[in-house]
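Engineer: Take a look at the letters that make up each chain.
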Amino acid sequence: MLILFYVCAVLAVLAALSVVAQRTPIYSALSLIVVLCALAVVYLLLDAEFIAVIQVIVYAGAIMVLFVYVIMLLNAGREEPSQRSRMARWLGAPLLAAFLVEILIAVWNQFPAGNSRPAGVLNAGPAAIGHLLFRNYVLPFEATSILILVAIMGAVVLAKREF
Amino acid sequence: MATFSDTGLLLLITLIKIAVVVSVMLTSIAYLTWLERKVVARIQSRWGPCRVGLYGLLQPLADGIKFILKEDIVPVEADAFLYWFAPFVGFILAFLSIAVIPFGESISIHGHTISFQITDLNVGLLFIFAVTSLGVYSIALAGWSSNSKYPLLGGLRSSAQMISYELSLGLAVVGVVMITGTLSLRGIVDSQAGFWHIRGLNTFIPHWNIFVQPLGFLVYFTAAIAETNRVPFDLPEGETELVGGFHTEYSSMKFAMFFMAEYANMITVSCLATILFFGGWHGPTFGPYLLRALLPSFWFCLKLFCFLFFYIWMRGTLPRFRYDQLMAFGWKFLFPAGILNVLATSLVVAWTSSS
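Line order of the protein sequences matches chains A and B. At the far end of the first sequence sits residue 163, using the working numbering, and the numbering has no gaps. At the far end of the second sequence sits residue 355, using the working numbering, and the numbering has no gaps.
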């Protein structure tokens, strides 16, 4: 189990770096899919099968397909690195380092060493999530669905105006 | 804690199961192509394959040898890695979804229970959907990486088509999940045992979901045909307009992998239709112990065969959709029908559970 976790964790980090490093958009998109699938395996190791499968269906199977579809439709080729921003080159690395340290501190405060949860105690079956979603968080859930509906209608209106 | 011998035995049994399932699948795929050519030939008043072996039964073998021996051509302008990767990933994913399909009832030998299923996930149904939703990448990437016009068009078409019909596919099975209350495929089949009782009267109509979810089944099977890119929804290939669609540039074993993935997907969605709507392995069992143990698997295969035959029958009967008709049908008819089914089912479920 631990070996599988390390393999997936390393794979996720490497693929995430590859998302940024790749010059061809389609390889970036594919690297992102690898990240999502590796994270799904990590969820699986936490006994959260439902979350893992939903992650693959929604992110890798639906959203990323749209990304790939658009990249294919535009037939986007290799991108050239731009030389315009000098500030990005000097400020990028320090800001990134500061951000990483911040996250590290946050995680450290949340889970001090020796207080990490053992795998398998997480109750994340479909029934448990359904109860949480439709009992405790029903208002935010409905609000989100209305928000998405409005966004869809907006997209349709914007697309129709072209004709 | 399980002792080592137990774990080892479990591992051994699982490995044997995987080997059996994969070899049965490969053989079925090979003979499904033979069956398809024979049946379509029959529909069109031709002979079909009849030269190699009795009734052309060795034709799949000859085709296999031909595919292996043919030259593997990679277009100069193609993206070499993705061109290799696309058929490979399609093939792997098509075989991955078989892992959670239960083929028959559990049998016990010397106190060990052996189920006719590689693994029983408690979200098995969603697992199959996750794997099939990744399958679109195989076709889309094949179309893109060939770096050629017809394959690109085929790849684009298939991405759009598979996204559209996946929604209907997902909605169609929600009704079944609501009735049975489980996402485990084994659980869904178990809930369909026995007969329907109307007002305490035994009707001898099997307790299958098709009798309460006819609309769900129609939506599911139509969307499933579109998902597997078969006639009348085979727009991604469309040989009369796109030469061969996404696999135009592919040759040799890489082409064969697409072919095998397509047939494996056909078998998977037919298995799922059997499990969700037609009671899986349930059927009359009788006779001595051995027969009793094997009959459920026989019923399962019989139902599966009916679906596969239906697939081929349709290929010989229906013409191809036009592309805009395909999209309009998916979004304006199938999708609302799926939502209607979910709505009606949830109302009935709420009604019966409250009273």
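Simulated from the structure, these hints should not be mistaken for laboratory data. As the structure is a computational prediction, the values presented were derived from the model and not from experiment. One or more of the hints may lead you astray.
What the hints assert, rightly or not - Straight line, CA to CA, 30 Å or less: simulated DSS-like cross-link-like pairs of lysine-lysine:
{"no.": "1", "chain 1": "A", "residue 1": "Lys160", "chain 2": "B", "residue 2": "Lys332"}
{"no.": "2", "chain 1": "B", "residue 1": "Lys70", "chain 2": "B", "residue 2": "Lys149"}
{"no.": "3", "chain 1": "B", "residue 1": "Lys149", "chain 2": "B", "residue 2": "Lys17"}
{"no.": "4", "chain 1": "A", "residue 1": "Lys160", "chain 2": "B", "residue 2": "Lys66"}
Engineer: Determine for every hint whether it applies to the structure shown.
Structural biologist: To see whether the hints hold, each was checked on the structure:
1. Lys160/A <-> Lys332/B: holds, 17 Å
2. Lys70/B <-> Lys149/B: holds, 24 Å
3. Lys149/B <-> Lys17/B: violated, 43 Å
4. Lys160/A <-> Lys66/B: Not OK: Lys160/A and Lys66/B at ~51 Å, beyond 30 Å, violated.
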